[in-house]
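Chain residues, written in single-letter form:
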Amino acid sequence: MKKNTIFLIFLLLFTYSSISKDKRYKNIFTDKESIGGKKIKKLASKELKFSFPVEGREYLKFKVKNLTIYFYPEKIFPTVRLHGYIKAGEIYDTKKQVSKLTALLLRESDTQKMKNREINDVLDFDGSQLEFIPGRDWVEIDGKYLVENEENFLKSLSYLVARPIFSEDKLKVVKKRLKGEAKRSDDVPFLLCRKLFYKIIYGNHPYGYFYTAEGIDDVGIEDVKNFYNKFYTPGRIVLAFSGDIKTGRIISALKKYLGESFLTREEHRATIPEVKMEFKPGVYICEKKHVTQAAIYFGRLIKIEKERDLYGISLFNHILGGSSFASKYTQQIRDIEGIAYRVDSKFETDNLTGALFLSRCRTKLESTYRAIADMLWIQDGFVNRRITAHEFEMGRSGLGNGFIKNFNTVDNILNLIVKNEILGRNISILKNFRKEVYNLSYEDLVEAAKRVVSPENYTYVLVGDLKEYEGRLKKFGKIYRVDEKGNMIKK
Amino acid sequence: MRRKIFFTILLLIFSVFLFSEDVEKINLKVSLHKLKNGLTVIIAPIHDTPIIYSLIRYKVGSVNEHVGITGISHMCEHMMFKGTKEIQTVNYQKEVPLMKKEDELFKKVIELRKAKVRNCTPPDVDRKIKNLLLKIKGLERSQKIYSVQNDIDVSTFSVGFSRLSADTSFDRTHYYEYFPSNCLEAWAYFESSRMREPVFREFYSERNVVLEEYYQTTENDPDGFLFGRFLASLMIAHPYHWDVIGWKSDIINYTREKVYNYHKKYYAPNNAIIVLVGDVYEDEALKLIKKYFGSIKPQKIEETVLTSEPPQRGEKRIVVRFNASPRLMMGFHKCQANSEDQPVFDVIEYLLSHGRSSILYKNLIGSGKASYFYLSQGDMKRYPGIFYVYSMPNEGVSLKEIEGIVWNSFNSLKHINISNRELLKAKKGIIGNLYYTASDKENLAVMLAEYYDIYGDVNYYEKYIKEINKITKEDIRRVARKYFVRDNCAIAYLLRPGEKE
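Just so you know, the protein sequences line up as chains A and B, in that order. Quick note: the first sequence uses the numbering used here, first residue 71, plus one each step. Quick note: the second sequence uses the numbering used here, first residue 71, plus one each step.
Take every hint as true, because none was put in to throw you off.
Straight-line distance between alpha carbons at most 30 Å, and here's what the computed DSS-like set of lysine-lysine pairs gives:
| hint | chain 1 | residue 1 | chain 2 | residue 2 |
| --- | --- | --- | --- | --- |
| 1 | B | Lys-432 | A | Lys-245 |
| 2 | A | Lys-157 | A | Lys-249 |
| 3 | A | Lys-111 | A | Lys-505 |
| 4 | B | Lys-432 | A | Lys-295 |
| 5 | A | Lys-316 | B | Lys-99 |
| 6 | B | Lys-106 | B | Lys-370 |
| 7 | A | Lys-537 | B | Lys-318 |
| 8 | B | Lys-164 | A | Lys-102 |
| 9 | B | Lys-540 | B | Lys-432 |
| 10 | A | Lys-109 | B | Lys-367 |
| 11 | A | Lys-434 | B | Lys-205 |
| 12 | B | Lys-164 | B | Lys-207 |
| 13 | B | Lys-164 | A | Lys-111 |
| 14 | B | Lys-367 | B | Lys-106 |
| 15 | B | Lys-214 | A | Lys-434 |
| 16 | A | Lys-240 | B | Lys-432 |
| 17 | B | Lys-99 | B | Lys-129 |
| 18 | A | Lys-253 | B | Lys-432 |
| 19 | A | Lys-111 | B | Lys-367 |
| 20 | B | Lys-536 | A | Lys-145 |
| 21 | A | Lys-346 | A | Lys-416 |
| 22 | A | Lys-545 | A | Lys-373 |
| 23 | A | Lys-112 | B | Lys-367 |
| 24 | A | Lys-225 | A | Lys-245 |
Just so you know, these hints were derived from the structure itself, not from any lab.
Input sequences plus hints: build the corresponding full structure.
Next comes the structure, spelled out in structure tokens:
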């Protein structure tokens, strides 16, 4: 009798928990459509006149020796925007951090023609702006100027790129600044979490230390000079100008100030270290005291085998967590549960190797387990077809129609085109993006999800005061402790 | 229906006339309209791409709050994404009784909390509050049978909207999005619906989201935490005293009714400015705006901020403890945006912090003393606000040393005769920035809305450029001597627990 009662209670509890679990997620996958939603769709049914910009018509591409230059003219304001790329990012490092230091030092350096102080004075006097931003795969040049100050801007840019004089003293200042910035970002649990996640996922690959300052002290001025000589060559540079431009004027100024000796510099072949498709499963916890939220990053590397993978996984990511407030993650974790302000997923393909799929959020310490469990459950909803046909349709339209947002300025359009080229991709990927997305089927979505979702292979990185919650977190994998530098802490 | 107060096609002619004989002309036509209900509409057609950027500015922000409802403007902003009587619901009428029940339960929570605050705690109060909140959560779950989760976003995104979001500041709240130009009518329907009849469903779970935002931006972010404490020490009487997110104890006690009342009071057409920039045609846009927004009733909007900040009379210093690297915030009270001293502050800001040749960059970063700094005038425009510096020293450099450098930099403006070239540089730089701002659709929209709201003139840049060009070295000395003094200053150090100054 007693045994039967216990069994009955157990059965009831089990049934209740199953029902409540189903109930909890029932609303997240739905076919419901509101009156207002239908109206919005109806009112937006007029066809959009949109065509992809054509080279030679909307934008132009020139070669000056090996240097590639793009132009996209637009004569509304007397301003010019420059986006440039130098294929000299962290992935080409001949020594840890040398790429980052070279890019930052370049902007601070004197040149053979002008002192850095003079360059700054000219740029600031003209109200021009110029920065070199280090990246994992390339160094980005970000500039803007008033068209009347074009000559001064191009002169300054050219001298810095083609004729720098690197000094030990300035290298010291740049190193100090980088260390300070790294410390500042380690103070924010979410940024610390990001750093550790990339470090663990990519290991010894250069992508692994991008967000750190490790190894900075080992880089000397000769390392910088050697790196510069090898990678700052015209064949590795693409410049894209948009706005009130006169192509002839810009080309002749660049020829003049970059100089023949730079434009004919010997190109060096450089190979990139491929990211190894290895998984590092487990829950990596970095304990940070006195914080009230946990920072969460988890995900895995993805192998992109064919172009079509890009579209399918992009759609999966879009519906899952990539479409901000419209995403399933936000609906469940933010709006239903109310346990996070921001939660999203990211399908990172803007790199030369090692595509990555990740999910991330910040939540109260006590809801860490729930937030991760919910994200995994939602992912599973794609694999096991709980996502409805209506949601698939809405997501597909959202991704296809939302692609237009990249066309909000000519500067953005040109940047999109140039970045695509730098990544070695065919322009057809951009031209056909919307069409390819509209051609995706429900089955494509499920297949994409199956290729990505793999909780047992995920690397979970958590930062926070989480000691008392570890018991539950074990369910996601073996617990490892790491310090703020990402080193394993032995028990 | 629409009463056109004035219809001007303004040819924006930005000119750098002091510095160049060439007068640059920009073919951007900006038109300003006023509907009968007081709604202001600004349209700037740019047909370079098939995209429109929309900005709706409501002239309400944290400055309109008082103790007890701090942060409610921001909460209201969150609630504006919860749908209307048509959007985000399949049966609004069925939702109403559930929301009423939720609110009744929350009234009981408030009563218990009041007793707790007065230290007249009934037994088991925390458990009772927890149970009531759980019941509310259960009701919110039940309501989901009739609601469509995140429909505002899903429906608009599916037709091509993007970056649909909002932000609240001290003086205003902005709602914005990009959308393809074939969606203009969908936009008008959607935005007018939530101005007219928003439904604040999911109120209590959203309040938890706001709390998470509070934890994220304040409790767990050293910079956010420092700013909140710094601001509260600098401003003691004026409602700029609290940061936009508000105090935690106020956030947890908002009621749906309070937020509805707040919305009704401030989210009226006569307190709003719509700006459309991009692939938009004036006639078509106005017709649709009139159709969808024209019948929304105006409200009586009164000036609520009568408190002014008393003179400080003495330097203020605070130390904030946080488990992070040391950093400093140091600032002064300043005039409001429409004061004659404001353009002088803009020139001073430029001289101090814009570009590598600026005074603070050279003294802090160039010298290797600090890894990071910024200077800001906050986003306080309507009333006298603040002018402050933030900096993080490099290893081995003390906050005291950084403070000394910042003081010296400010003091240099009082005594040293800056060169004509430096002054000209600042003026050119400011005017150059106007062009850059105008050439970006989002920034242009903000600029136009702000010009009209703060200066009452969508064409304000013309006057502004004249004001900037008139500034003399003596103006800079005068303003620096008047404001950058210890009696008008607050200094905040952030240090680790136990760390010595």
